[in-house]
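Asks: Chains as they are written, first to last, in my numbering: chain A, 72 to 406; chain B, 2 to 319; chain C, 9 to 519; chain D, 374 to 720.
Because the hints were derived from the structure by calculation, they are not lab data. Be a bit skeptical, because a hint or two may be false.
[What the hints assert, rightly or not] Label-pair restraints from in silico Cβ distances:
1. A:N219 <-> B:Y121: 21 to 29 Å
2. B:S62 <-> A:S389: 39 to 47 Å
3. C:Q130 <-> B:G78: 55 to 63 Å
4. B:S62 <-> D:E408: 37 to 45 Å
5. C:G459 <-> B:N197: 53 to 61 Å
6. C:E86 <-> B:S62: 30 to 38 Å
7. B:S62 <-> A:N219: 51 to 59 Å
8. C:P23 <-> B:N197: 40 to 48 Å
9. D:H597 <-> C:K376: 24 to 32 Å
Backbone N, C-alpha and C fix where the C-beta goes; we use that ideal spot for every residue, glycine too.
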Amino acid sequence: GTDDADKDGGGDDASTGETSDFSVSMVTDTGGVDDKSFNQSAWEGLEALGADYDLEKGVGGYDYFQSNNEADYVTNLKTAARNNFDLVFGIGYLLEEPIKQVAEQEEDTMFALVDAVAELDNIASITFTDHEGSFLVGVAAGLQTKTNKIGFIGGTDSDLINKFAAGFKAGVEAVNPDAEIDINLTGGFSDAARGQQLAASMYGGGADIIYHAAGETGTGVFTEAKNLKQQEPEREIFVIGVDRDQEEEGALTVEGEDYNVTLTSMVKRVDVAVQDISKRAMEGDFPGGEVIEYGIEEEGILVAETNLSQEILDEVESYKQQIVDGEIDVPLTME
Amino acid sequence: MDIVSAFEILVKSMLFASAPLILTALGGVFSERSGVVNIGLEGLMVIGAFAAVVFNLTFASTFGAATPWVALLAAMGIGGLFSLIHAVASITFRANQVVSGVAINFLAVGLGVFLVKAWYGAGQTAKIPVPMYYTQIPILSDIPVIGPMFFNNYLTSYLAIIVAIIAWFVLFKTPFGLRLRSVGEHPLAADTMGINVFKMRYIAVFISGVLGGLGGGVYAQTISQDFSGGTITGQGFIALAAVIFGKWHPLGAMGAALFFGLAQSLAIIGGSFPLLSDVPNWALLSAPYILTILALAGFIGRADAPKAIGTPYIKGKR
Amino acid sequence: MDYVIEMLNIRKEFPGIVANDNITLQLKKGEIHALLGENGAGKSTLMNVLFGLYQPEQGEIKVKGKKVHITNPNVANELGIGMVHQHFMLVESFTITENIVLGIEPKKGLTIDMKKAEKEVQAISDRYGLRVDATAKISDISVGMQQRVEILKTLYRGAEMLIFDEPTAVLTPQEINELTQIFRTLIKEGKSIILITHKLKEIIEVCDRVTVIRKGVGIDTVDVEGTTPNELASLMVGREVLFNTKKTPAQPKETVLDIAKLNVKDSRGVMSVKDLDLTVRAGEIVGIAGVDGNGQSELIEAITGLKKSSSGSIKLNGKELSSLKPRKITESGVGHIPQDRHKHGLVLDFSIGDNMLLQTYYQSPYSKRSMLNNREINKQAKKLIAEFDVRTPSEWTEARALSGGNQQKAIIGREVDRNPDVLIAAQPTRGLDVGAIEFIHQRLIDQRDKGKAVLLLSFELDEIINVSDRIAVIYEGSIVAIVDPKETTEQELGLLMAGSKRKEAGEDTHV
Amino acid sequence: MSNRVLTILIPIISVLLGLIVGAIVMSVSGFNPIEGYGALIKGAVGDSFYLGETIRQITPYIFAGLAVAFAFRTGLFNIGVEGQLLVGWTASVWVGLAFDLPKIIHLPMAVLAGALAGALWAFIPGILKARLRVHEVIVTIMMNYIALHFVNYLIRYVISDEQNTTERVPESASLKSPLLETLTDYSTLHYGIFLALAGAIVFWVILEKTTSGFELRSVGLNQHASEYAGMNVNRNIVLSMVISGAFAGLAGAMEGLGTFGYGFIHDSFSGVGFDGIAVALLGGNIAIGVVLAAALFGILKQGALIMPLESGVPTELVEIVIAIIIFFVASSYIIAYLLRRFKKGAN
Ligand SMILES: Nc1ncnc2c1ncn2[C@@H]1O[C@H](COP(=O)(O)OP(=O)(O)OP(=O)(O)O)[C@@H](O)[C@H]1O
Ligand SMILES: Nc1ncnc2c1ncn2[C@@H]1O[C@H](COP(=O)(O)OP(=O)(O)OP(=O)(O)O)[C@@H](O)[C@H]1O
Ligand SMILES: [Mg+2]
Ligand SMILES: [Mg+2]
């Protein structure tokens, strides 16, 4: 829309009730729309939305823009806006600067930024309490570990990844003070070999659980865990998945027996957030300029049950409650 | 962790991380020994990884436990065919071999991801149903200390070393090898000796495709266990470096690839030792690359490429 | 009359040029048939056609009376035709045996049967008296031996008709003698030979008949009996040619180049110039005679700064050169016509014009404030091209496209024009036809008469004797004798070069 | 026909052939090539905005291409543009942030810093090649990875205090151009393109018009002859790498001071450096050629972005088309051959 009525964030489109003329799109970061991570999750959200409101894929409905490198962010955001998508999502903290820049120019378009905060009236900032989710899987790991050695493998050294590490560490320490945690950042998200080598050294050093927040690099962790499991099925060796429920990644069969090395996953429901914000935009209360935090309470962050025993689940549950009640304040950084 | 197990991990992860690089580098050796530069190794790995994964996903039920191995054959075949594009361009059409190699890299990623999207509706495949696992070599793996260190790994790691030895034998002991090298050193001379320069170069490039594809297939089925645009990111260039580092010699290339794998796991293991714990992370991450440069500067020194490398052979031109 | 080879009315074109135009050449069994022509006349092309490297546009080839289509070297080999190419066809990094058996290797199982191969090679080399070390690497052996390897390659393939394209251009007198011996043996063994050479004396010496071509056209085929070098030369060039270039006695003046106790290591670290003393005076040409590999190259590289000397001094007009970089040496008045024009003399992919200023591009007027002044550069190039009659379409033409002869003239022009106090000429006429040779010799003498010093290195004894005013014989890295060309014979020189003392040489005259 | 005509004709035909084959690929995989290319054209030059974005994209390609080309002309293969670009980017941003100066000083200083950093990064492979004959291909590849990790460290712990991105560079050090942006409907087009074109001219002048250019070319074509002629081969090898690296660093500065205006942590390489190899060689390693090849790349890459939206054609297909075009341009010999044949046949 271009008429002044939209100035307040395009709400009027929705209030007229004709939801079908609402259009929404997302711009991926370089991970791409099927990164088995938050880009993919966000896209699944849009597809679900499209199904619910029978929107067409494409202009006037819902669609995505693939960024092949960082220089594409602005172009894609602009292109989305210029194709009159009412709401445009930017997925990933790397889009913070670009989305600010574009939002300033495209005042008539609603923007939503995932995983970072941009203070502009036509940008809704969506953050997840990754640290709290990480805390909870940390609790699970702290209780599960037999060797009292736990690893964390992160991707590039960034705020986001440190958020994961800090929360995880706190979680483990909360339930198991004398467990030692080996935190290692691999400087990237695409080197599975490095991930596997790193996992080999951690497991070899006695760790029995590794939490990864390292994308493709993380797949190497699963590979190593499955290898070890395959050689000694009875050995307790686990990976904690991230972003999506990574149960599938951990599955393997040894002599007909099914095993799974995925202990649990810190699930980040970007899809929920995306649908949520979209609906609010349709209904005319687009939270422009606000920071909306999706946490445990909002079901934006989940802990997958996968391999967790009942008592651990119960423990996790109680810590969940304490966090919700604000009795526990999970740190955002390592310090 | 204690020294012994540290060493065990060191050797182990060196072996599995190097295997794809060794195989791909060997491919590079064949092609460049025949006088055809091949910076398309990256692309050949990509296409190999793609082929292996797709095959594994499609035929797991048909071939059962044998799937990964048959998939490797598929990867080799596809890699070979793919490399023929490079051959036609750089041998018959006299294209600049570097450009053609660059094009191979573009094409491989483009085609791979494009087809995955077309077939699976996603830019990334599912995990392969029948991946490869570490295998304990009977008897050998029971030897104390050395056993677990050397003889509990992917079979493909040993395959890589065996292929390297075969490659050395073929290149330096057989008539075929002599002819192949002569074509890379002095094609006109080879021509006057009745050797078909074009045929030899085609074969060499084809072999590089087969081995590059194998390298990619091994990586995909042992390490990443799925395929996406991000599966192969730079390994092909490391392999290219290994070709030169190894002075265009099969065993040299193997050594270089092993060295790199070792440097990588050293950096990782080293990180877990207190004495290195206050080295900044970026330095540790860069260590393998820095070590490689130091090794070259320190004791490897100059390397002489095959004399005719990079120049298309044109009959009747002096 | 049985011909083993008949090339009838052969025509071969290259983009832009007709290299062979309706040429006929007939080789009798058991004869040595010379093919004579100027640089670029079309000799190599004709032979490459016969050997199957090029396909003719017209004409037919008969071998032993049968019409044949030689589509590639394999066919030639099977027909018993072998060729020793002008530019050696050897893989530097391979051993002699590997080079010889390449393409038809004896096998043991999957592998090459090297032992067998080496035996076979040794056998043939004994049979024809072609001494080679079967296991040596090409990069480590002398040019002469490399040529023997080339011959062995053809014999190993059972060639009956052998083509030699300028085999002697790169050989020392001793090696040439050996080669003529080899020719005779080959003929005895029932082979027939086509020999391309620019050296008329050789033709008279060893050949039975000679076919002369000029600018791609066949001129005539004559019996060598009763022809003279001059007749052949004028046939080839199409005008009178005069030999031993006219020159007045030298008036040497002060010493320009003074080399004392010079020691230089070669690339393998062996001391190949040992305590060498040599002086060259203004207004004289000093010729260095010696068998290849006695330190000539190292000596020259040391003087020109391409190699560091281990000890000793090289003074130019009293100024020490040995510590200077090549550029400083050039600037202080040394000119250098290098042995290998393709490696050192020219940037083949540069225009002939740029090549003309390879050492002076940075000086005024060719450049100002490090910006090139192309107008001046081309002016200079044009001037030299005219002055030294370099046959080239334009100064823009790539050096690569010029014949060796013209490439050489360009280099000479460049070096002479800088008017250096000492001009070092290393094998300046190698591979060139008599016309070009005559021209170049004259230029060297002009330089001398201008009161400049000239140091001439050559393996052609008659060139040394004709052109030099003093001859310094180099043997195992030192000057073993200084002789006056007017009172010395080739035999005598040959002996000195072989290391025997002077007076012995006087007594015993046959080699 | 004359070579002059051919040299112009061949690339054009190559591109056309590439597009045709690309069209075939599209139709066999069930897309409408007309729509596909329609979208590509629109996305590249469809209106002022897209045009602006395309030109912006061309800018770093020109510098990257010049960098690779310059090394090639001296017989060196610089695969390290990717890394040199990153350090150049970071250095320029750093200088942009560290000082507070009037624009006439600050901007040039920041741009220069980028060039300098790139040059320094390329100096290492250069000196290793010159002194120890270490093959530059290996070293430059390794230096890429070192650059990636080192730059991320600098950005997070030195230039910013533990942020993912640095501050925006102040206006005084920015290449951003409100004028160009408004002209192109707020695209990210910036002044960099003019620098890039200037860079191409500098490239040409250095190589073709200066004495050092003469030396660099000579060394590239025949080291022995160059040594004989009194040129310092090693010095020229280092010089060539340094200049090449400077161009690469400038490509980075364009991103750091123009396109983005800040630095940020990189998970992986941008790819501009690797594309630079293709750009250089497609451009025949000459200035004007590089500019044209960069334009081609920019158009294709930029146009690709909206192909999925407009025509459903996935962006990967553009990679394929690019690859095919590269093949045909590289194989210009066969095209020239066919053209001559065709000509013969005609008359
Ligand atoms: N490969 C080629 N491509 C184009 N033209 C060629 C080629 N080879 C030779 N020519 C042309 O054919 C002519 C004859 O060349 P050829 O090599 O036969 O001369 P030549 O008689 O062997 O000279 P020289 O005595 O210097 O060896 C040359 O003038 C040259 O212009
Ligand atoms: N690739 C080529 N293109 C065009 N002409 C060529 C080519 N190669 C050789 N020629 C021509 O062939 C002729 C002979 O070439 P060749 O190399 O035999 O010269 P040359 O005088 O014998 O020099 P040298 O024997 O000292 O190398 C020359 O006129 C040269 O111009
Ligand atoms: Mg010839
Ligand atoms: Mg010649």
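Asks: Take the hints in turn and mark each one as holding or not.
Replies: Here is what the structure says about each hint:
1. A:N219 <-> B:Y121: 21 to 29 Å: Given about 41 Å between the Cβ atoms, the range is violated.
2. B:S62 <-> A:S389: 39 to 47 Å: 45 Å, holds
3. C:Q130 <-> B:G78: 55 to 63 Å: Since the Cβ atoms of Q130 of chain C and G78 of chain B sit about 45 Å apart, the hinted range of 55 to 63 Å is violated.
4. B:S62 <-> D:E408: 37 to 45 Å: Check passed, 39 Å falls within 37 to 45 Å.
5. C:G459 <-> B:N197: 53 to 61 Å: 59 Å, holds
6. C:E86 <-> B:S62: 30 to 38 Å: Hint violated: Cβ distance 55 Å, outside 30 to 38 Å.
7. B:S62 <-> A:N219: 51 to 59 Å: Cβ of S62 of chain B to Cβ of N219 of chain A: about 42 Å, so the range 51 to 59 Å is violated.
8. C:P23 <-> B:N197: 40 to 48 Å: Violated, at about 25 Å.
9. D:H597 <-> C:K376: 24 to 32 Å: 29 Å, holds
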